[in-house]
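Trainee: Listed here are the chains, written in short residue letters.
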Amino acid sequence: MPLITYRQALNDAFAEELTRDENVFLMGEEVAQYNGAYKVTEGLWKRFGSKRVIDTPISEAAFLGLGVGAAMMGLRPVVELMFWSFAYVGFDQIMNNAGCIRYMSGGLINVPMVIRGPANGGTNVGATHSHTPENFLANTPGLKVVCPATPYDAKGLMIASIRDNDTVCFMENTLLYGDLGEVPDGSYTIPLGVADVKREGLDVSLIAHGRAVLTCLAAAEILATEHGIEAEVVDLRSIRPLDEETILNSVAKTHRAVLVDENKPFCGVSAQIAALLAEHAFDDLDAPVLRVTALDAPAIYSMPLEKLQLPDAQAVVAKVLSSF
Amino acid sequence: MARTLSLPSKSKKTAAKKVVRLAAPKVVAKKASPKSLKPLKTKGPAQTGKKSPTKPITAKATAKAPTKAVAAPPKVTSSDFSSSPFNSSLKPAEKIGFLREMLRIRRFEQQALKYYNQGIMGGFLHLYNGQESVAVGTASLMNGHDEIITAYRDHGHALAVGMGMNECMAELFGKGTGCSKGKGGSMHFFAPDKHYWGGHGIVAGQTPLGLGLAFAIKYKQINGCAVAFLGDGAVNQGVFSECLNMAALWDLPIVYVIENNGYSMGTSLERSSAVNGSLAKRAEGFCVEWATCGGFDLYELRANLGAAMERARKESKPMVLEVSTYRYYGHSVADANTKKYRSPEEIDLYKSEHDPITLWQNQLLSEKVITQAGIEKIDDEAKAEAAAAAEFGIASPWPSEESIFEDIYHEVDHKTEAGQTGSFFFSE
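So the protein lines, in turn, are chains A and B. Here the first sequence is numbered in the working numbering, starting from 1 and rising by one per residue. Here the second sequence is numbered in the working numbering, starting from 1 and rising by one per residue.
None of these hints come from the bench; they were simulated from the model. Heads up, a few of these hints could be off.
As the list claims (entries may be wrong) - Derived contacts from chain A toward chain B, CB cut-off under 7 angstroms, selection only:
| # | residue |
| --- | --- |
| 1 | Ser50 |
| 2 | Val68 |
| 3 | Arg102 |
| 4 | Met104 |
| 5 | Gly107 |
Just so we're clear, the structure is a prediction, and the values are computed from it rather than from any experiment. Backbone N, C-alpha and C fix where the C-beta goes; we use that ideal spot for every residue, glycine too.
Using the sequences plus the hints, can you model the full thing?
Mentor: Printed below as a string of structure tokens:
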């Protein structure tokens with residue numbers, strides 16, 4: 001299989017969907033002529049033209065709302081946020097309109113839209129550009145939330161998200177855009193709500209999404225080679241819908257769960273998984289559910305301290321060892 | 001500050017207040033009168049009484065607003081606008097139809113008010129009483145490809161586009177037979193099959209959705225336009241300004257209709273908005289054309305809005321049309337209304353001199369299109385229909401408990417492949 005970047009995998013997904021369905025269009029700040037702030041949409045404006053790939057003013061509320069209105073009429077907008085952190089100036093449009101219109105209309109209206117962009121810390125840009133709002137968004141029935149960790153998942157999940165008839169909040173990661181991975185040529189979809197066991201193991205379940213999955217895989221190698229512990233790594237891939245079955249099956253097998261999450265701990269995604277395990281896996285557990293998350297403080301600017309704020313492999317290893 | 005030039009001096013305001021309190025309503029009408037609608041007196045035709053303006057909308061030509069606030073809305077003679085191209089070919093049956101629709105809206109809401117006051121109906125109830133001409137006039141101009149969207153004062157628009165009284169009333173009662181299955185309530189009526197996209201509760205939150213409707217119309221090369229309604233309070237939300245910029249930037253076929261009823265909840269226009277002549281004039285800053293007109297007279301409304309919609313369709317250009325209107329009840333029924341921010345005399349003045357239904361009835365009588373008996377018959381039918389709708393709503397069942405989890409995700413409801421993977425709801 002060809003080896004391509006996470007960025008290219010997304011770009012391929014857009015190109016294929018733009019070609020397949022004339023109702024699909026891309027919109028956002030700098031997505032067209034500038035080729036994307038992170039080059040995710042590079043070349044698409046040149047190839048598909050100004051009708052399909054559209055630069056917007058810096059007006060998140062208006063272009064997110066425009067996306068909702070256009071989606072109600074049957075178009076399939078793929079709206080880029082340069083950072084998910086910028087969603088907050090358009091939050092009303094996401095939560096109240098994209099998230100609630102289907103329900104409040106008694107199912108008369110659908111909002112088949114993808115809102116996408118990077119949502120991660122760790123890039124030394126301070127708190128306002130480092131938010132990870134997957135927990136906020138997944139807290140809203142009506143929205144779906146997807147966080148791919150690998151190029152293969154990024155492409156398959158993006159195509160599935162564009163074809164989905166509900167609004168999907170698709171969270172990428174600037175630190176992953178350059179990662180290489182095997183991605184088959186041509187179109188394929190990965191269903192939302194299906195987790196992926198990225199590494200099998202019998203001793204402990206490491207449950208994560210997004211870049212934290214890679215942290216878990218690195219930790220699993222250390223645990224295996226240095227401590228003789230075989231960790232299973234469960235990549236959630238989507239936060240909502242959530243593949244509860246795969247999580248519970250894994251914990252039933254390993255009897256231990258360490259949740260690794262670049263989201264904040266307080267009411268974060270890992271808190272949700274912990275609640276799930278408390279409710280449905282209590283009898284399977286041989287140890288308390290433990291968490292390694294972003295530290296519960298705004299993202300700090302200072303580079304060495306920021307590194308301390310996010311989970312790394314050593315922290316995961318230490319946490320796993322503490323559960324034995 | 002330049003903008004203060006357009007506002008009356010404090011002493012004048014005080015004087016006006018005194019007159020309102022001390023004088024009889026009729027005197028108020030002529031002298032001081034409601035201060036809320038001051039900025040709207042900008043239209044040439046309405047004030048000058050020119051016959052048959054051939055171009056009711058001259059966009060920026062209306063920019064010369066009086067710097068001095070004027071009080072009551074000018075008396076409009078319907079015949080001023082009856083020969084507009086949008087009115088001259090109206091058939092008697094259509095004119096009578098407009099009256100029927102306005103009466104249906106009023107009687108519907110009065111029925112709703114009755115049950116709301118009895119505590120049988122819950123939620124908020126933002127009544128459209130007094131503004132009926134705007135929704136009915138708009139619906140009458142839609143060409144089958146036009147799309148409309150409004151805010152939370154949405155009953156009138158819903159009935160005007162053809163939604164049934166039963167489904168709307170049942171929705172107010174929160175019943176499963178409601179237009180939104182009891183999931184939306186008063187502020188959230190929708191009928192996409194009738195090109196009506198709601199019914200939205202957050203002030204100005206609908207303005208970019210309207211932009212999206214216009215975007216889709218242009219994208220799909222449809223011969224239509226979008227009409228997005230907002231109130232005079234909504235113009236102060238930032239997202240509306242963003243929308244005006246994008247509408248102009250991309251030549252989107254949208255008419256933003258500011259239904260200016262003078263108050264954003266309990267705050268009068270002059271206390272909420274920096275105004276230089278009119279709210280619509282703000283569009284100039286975004287290179288969007290604008291105009292103002294009275295909304296009390298159907299002919300005037302149709303002449304102006306008709307031209308704006310036609311321009312949007314033909315030229316694919318945005319426009320802001322500010323329509324002066326007035327609501328008789330509070331922001332919602334629960335608000336303090338006359339006890340806090342306006343006088344009963346002010347409301348009486350509008351009811352007696354500017355009621356859109358009365359004006360239209362008188363117009364049709366003078367045109368001999370209908371008789372007094374004919375009007376009463378239509379009104380009786382509207383009352384009976386509204387009463388029957390209330391009975392329908394009350395008798396209807398509550399939504400089922402299972403329905404709580406329906407209509408959230410399309411993919412779940414339709415059991416598509418995408419709706420069968422993963423858990424959408426916690427511990428379902």
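Trainee: Next, verify each hint and record whether it holds.
Mentor: Cross-check of the supplied hints:
1. Ser50: violated (10 angstroms)
2. Val68: holds (6 angstroms)
3. Arg102: Interface hint status for Arg102 of chain A: holds (6 angstroms vs cutoff 7 angstroms).
4. Met104: holds (4 angstroms)
5. Gly107: At about 4 angstroms, which falls below the 7 angstroms cut-off, the nearest Cβ of chain B leaves the hint on Gly107 of chain A intact, so it holds.
Checked against the numbered hints given earlier, this structure breaks only hint 1.
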